[in-house]
Structure formats: structure tokens, C-alpha cells
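With chain A fixed as given, assemble chain B onto it according to the hints.
Read off the chains here:
Number of protein chains: 2
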Amino acid sequence: MSKVKVSAYGVSLDGFGAGPDQSLEQPMGVGGMALHEWVLGTRSFQRMHAEMTGATASEPGREDLDDAFAARAFENVGAWILGRNMFGPVRGPWTNEDWKGWWGPNPPYHVPVFVLTHHARAPLVMEGGTTFHFVTDGIQAALARAREAARGRDVRIGGGAATVRQYLAAGLVDQIHLAIGPALLGRGEPLLAGLDMVKLGFKCTEHVASSRAMHVVLAR
Amino acid sequence: MSKVKVSAYGVSLDGFGAGPDQSLEQPMGVGGMALHEWVLGTRSFQRMHAEMTGATASEPGREDLDDAFAARAFENVGAWILGRNMFGPVRGPWTNEDWKGWWGPNPPYHVPVFVLTHHARAPLVMEGGTTFHFVTDGIQAALARAREAARGRDVRIGGGAATVRQYLAAGLVDQIHLAIGPALLGRGEPLLAGLDMVKLGFKCTEHVASSRAMHVVLAR
Numbered sequence: 000m001s002k003v004k005v006s007a008y009g010v011s012l013d014g015f016g017a018g019p020d021q022s023l024e025q026p027m028g029v030g031g032m033a034l035h036e037w038v039l040g041t042r043s044f045q046r047m048h049a050e051m052t053g054a055t056a057s058e059p060g061r062e063d064l065d066d067a068f069a070a071r072a073f074e075n076v077g078a079w080i081l082g083r084n085m086f087g088p089v090r091g092p093w094t095n096e097d098w099k100g101w102w103g104p105n106p107p108y109h110v111p112v113f114v115l116t117h118h119a120r121a122p123l124v125m126e127g128g129t130t131f132h133f134v135t136d137g138i139q140a141a142l143a144r145a146r147e148a149a150r151g152r153d154v155r156i157g158g159g160a161a162t163v164r165q166y167l168a169a170g171l172v173d174q175i176h177l178a179i180g181p182a183l184l185g186r187g188e189p190l191l192a193g194l195d196m197v198k199l200g201f202k203c204t205e206h207v208a209s210s211r212a213m214h215v216v217l218a219r
Numbered sequence: 000m001s002k003v004k005v006s007a008y009g010v011s012l013d014g015f016g017a018g019p020d021q022s023l024e025q026p027m028g029v030g031g032m033a034l035h036e037w038v039l040g041t042r043s044f045q046r047m048h049a050e051m052t053g054a055t056a057s058e059p060g061r062e063d064l065d066d067a068f069a070a071r072a073f074e075n076v077g078a079w080i081l082g083r084n085m086f087g088p089v090r091g092p093w094t095n096e097d098w099k100g101w102w103g104p105n106p107p108y109h110v111p112v113f114v115l116t117h118h119a120r121a122p123l124v125m126e127g128g129t130t131f132h133f134v135t136d137g138i139q140a141a142l143a144r145a146r147e148a149a150r151g152r153d154v155r156i157g158g159g160a161a162t163v164r165q166y167l168a169a170g171l172v173d174q175i176h177l178a179i180g181p182a183l184l185g186r187g188e189p190l191l192a193g194l195d196m197v198k199l200g201f202k203c204t205e206h207v208a209s210s211r212a213m214h215v216v217l218a219r
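Protein chains in written order, with numbering that gives the first Met the number 0: chain A, 0 to 219; chain B, 0 to 219.
I should point out that these hints are in silico values taken from the structure, not numbers from a laboratory.
Any given hint could be a false lead.
Where chains are identical, the list cannot tell them apart; a pair therefore holds if satisfied intra-copy or between any two copies.
What the hints assert, rightly or not - Cut-off 25 Å, straight-line C-alpha distance, at most; resulting in silico cross-link-like pairs (DMTMM-like, lysine to aspartate or glutamate):
| no. | residue 1 | residue 2 |
| --- | --- | --- |
| 1 | 198 | 36 |
| 2 | 4 | 173 |
| 3 | 202 | 20 |
| 4 | 198 | 24 |
| 5 | 202 | 24 |
| 6 | 99 | 66 |
| 7 | 2 | 173 |
| 8 | 198 | 20 |
| 9 | 99 | 147 |
| 10 | 99 | 50 |
| 11 | 99 | 136 |
| 12 | 2 | 24 |
| 13 | 4 | 195 |
One chain only, chain A, in its complex shape (with noise of 0.2 Å):
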């Protein structure tokens, strides 16, 4: 059946999604790549990161259990749904459409993508069959949208953590698949906190480590 999902979401010690002070130059956050490490060097990474870019990977990247995580999570997805600052680091209303997200022309997503904002804009097409649609009545509506256009696949939910935590809190969620990494970030956009997650329903249904990651998929 179809799944409303949170896949190869990074964490750390101290339970951040990403790091604080979002910019251009820092899409993580100060310190939020940290919470990646265990994700860039595997294949399916690599893989990604040049189709991307349009550069052969330099290094056939890892197949271990990173890897396997990493596959897992781009698999069945129908369409995606990002939060706004995910989508770039643009604020407030679009004052010209410039700006066409992190990836370049040819996004890693292949599939519908809905942008929550506040702000209406015309839909993106980008190549690879990747669009930007973008979405300004909520949340739920947001997800309505995906799911038609995922066609009975999943929607996941890519983040940001406040999108996330959005999604969590409403009960909306089937399933979280988060890498605990040995980062410390002290500051940043905390993912669970403040979420009862077993009222909630969730329970721990798979816990694996990596020596890069402590890789856990919470589902209810």
C-alpha cells in the first residue's frame, strides 16, 4: 500500500536534523553536512550526485550497508514533498523565479516534487521529469496532491526537520527511517524533540549500525 515515508534523514547525537543559520553557502546549516557523512560516499550517492551534475563519479562509491539504506530510499517514491527551505534559501514571496532549487537543471527526484510556501508560483519543469509544484494551503493539502500524482507509489516526505515535525505531529506519517551519526552540533533544528512519538504510535521496527551510522526505521 501506499506509504507516507521519511527516508535516510540524518540526526545527531544531540537529535538535530541540520545545523543552524540555513544559508546559500551552508544548505545544511553550520555544521549540518556532519549528519551526511554516512551517505556520500556509498554508490547510490555517487550515482546520484553525477547523474546530477552531469561528472562521472570519480570513485565507484561503497556498497555496504549505508549504501543499501541509501538505495532503499530513493525506491517506490511516487513524488515528494519538501519544505520551503529545503527548496532553496530564498524567504518571502518570489520576487523573480531565478531560482530553481539546490540541484541544478536536472534534480535528483524524477518524480512530481510539492513545495510548501506561502508564496503561489507557476509550477517548474525541470529535466529528468522532475516538477516543482508549489503549494500554498497546507500541509494536508500538500499531501492530497502527492499522493494523486504518486499514482498508488509512496510520498516522502524530504524534509526539512520543520517540515518533518509538521508531518509527524499530525499524524501523517507511516514510516521514518533516521541515520543517528556521531556528530555533536549543539545548535540546529531539532528533529523529535517535543514529538511523543510512541503516542504517535511508532515503535522501533528495525535497528542496524554501520560504522558510520546507527541506521533505525521507526513505523506504526
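This is chain B only, laid out in the frame that chain A set:
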């Protein structure tokens, strides 16, 4: 050099160091025992438990990575500091001295133990070298007394979560070993939430996972 350390401290995936609603029946709070799953079957824990209860261990126990961390947690400890709740479920003034801790006549400490409380009580000499001292003049005073009693060995902050947080926030902890287990508690005593561990000078100096927990050592 003598260190102030927290060791073998179980933490849930959602960042809790103990469950809610501690009671005589549930010393770790509701669901809190899940945080200690990793240690219960180890040889070190089995031995400690057998020694404490006078029973013969029914099984020799696992000798694995978890056991290595459990054993390390007791090495070179010259004194302990415990919060009042970790000593017992009794609240308010000591109306009598019947309560002698959770551990029976021969507690697993075997060194001086300083218990933080607002209510004075005479020292309590137990079997096996453990003496509980009740300290009413705050965490700094307790640490000064524990350091002196430790005679060059380390001071271990045993818990609970609120006590660990106070010592961390005051910049008095040198090292903390967490065992992050695959449990969700939903509610309970948060361990690191709201503490900026980076600003406090910590970084992750060691991380390795067993099938039961991700062990991380944070040090300054």
C-alpha cells in the same frame, strides 16, 4: 588525571535518559528499562548482580562489545555522585532511615557515594565498602567532596538524567559515554535537550555499535 565522567548511560532514540513517572515499582520510569537492555545480559552486569544479590549467576553472560563498555564504566572509579531520585523514590524529608537505596545491603559501588538531597541525613555505611553520604549544599560541594574521597581516581556521576544535566550545564563533566538503544519512550527525562554540547566543548571521540546499542563517547 582524575576525571569526572558519566558512563554506560542508556538513551532512547528520542533522547530520553529515563522514562516518566518513576516509582518504587518502576525505578527507571515507565518504559525506562528498555534503555538498559544492552547491558542486562553482559558478563559484567551478571557478575555485579550476582554479587549484589548473593545469588549465583544463572548464565555467564555475554562477553562482547557491550560487555567491554559495561566493564569500562566501573574502572578507576573512586567515588560516585547520585541524584536523590537515583538513590530512591522517597521524596521530601527523611522521616525515617528505613530506605537504604535500591540495591540491598551490598550495593555495587564499593566506594563513597555522594547523594544530592535537600534534606540532611547521617552517612549510611553499607557492606562491601559503599558509604552513602548525603550532601545538602549543592552540586559543586558534592563534587569537591567526591574528588577528595576518590583520591586521584575518577568521579562518576551515576544519574539520574536531571543530575547529569546539572553537571553538564555547569561545565563540570569531562567525559560522557552514552549507549543509544533502539527504544522510543515518547515521554520521560530528556538528557541532552537544550544543552549546547558543542559550546560546552564536547566532541564525539569514539563511536562503535553493537546489535543492541550505539556506543558514543563525548569528551572535552
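Hints and how they fare:
1. 198 - 36: between (31 Å within a copy, 22 Å between copies)
2. 4 - 173: within (6 Å within a copy, 39 Å between copies)
3. 202 - 20: Close across copies (20 Å), not inside one copy (32 Å); limit 25 Å.
4. 198 - 24: between (38 Å within a copy, 22 Å between copies)
5. 202 - 24: between (37 Å within a copy, 24 Å between copies)
6. 99 - 66: For residue 99 and residue 66, neither the intra-copy (28 Å) nor the inter-copy (52 Å) Cα distance is at most 25 Å.
7. 2 - 173: within (6 Å within a copy, 44 Å between copies)
8. 198 - 20: Answer is between: at 16 Å across copies they meet the 25 Å cutoff, but 31 Å inside does not.
9. 99 - 147: within (24 Å within a copy, 63 Å between copies)
10. 99 - 50: within (17 Å within a copy, 66 Å between copies)
11. 99 - 136: within (21 Å within a copy, 60 Å between copies)
12. 2 - 24: Neither, since 33 Å and 39 Å both go past 25 Å.
13. 4 - 195: Result: close within a single copy only, 18 Å intra versus 30 Å inter.
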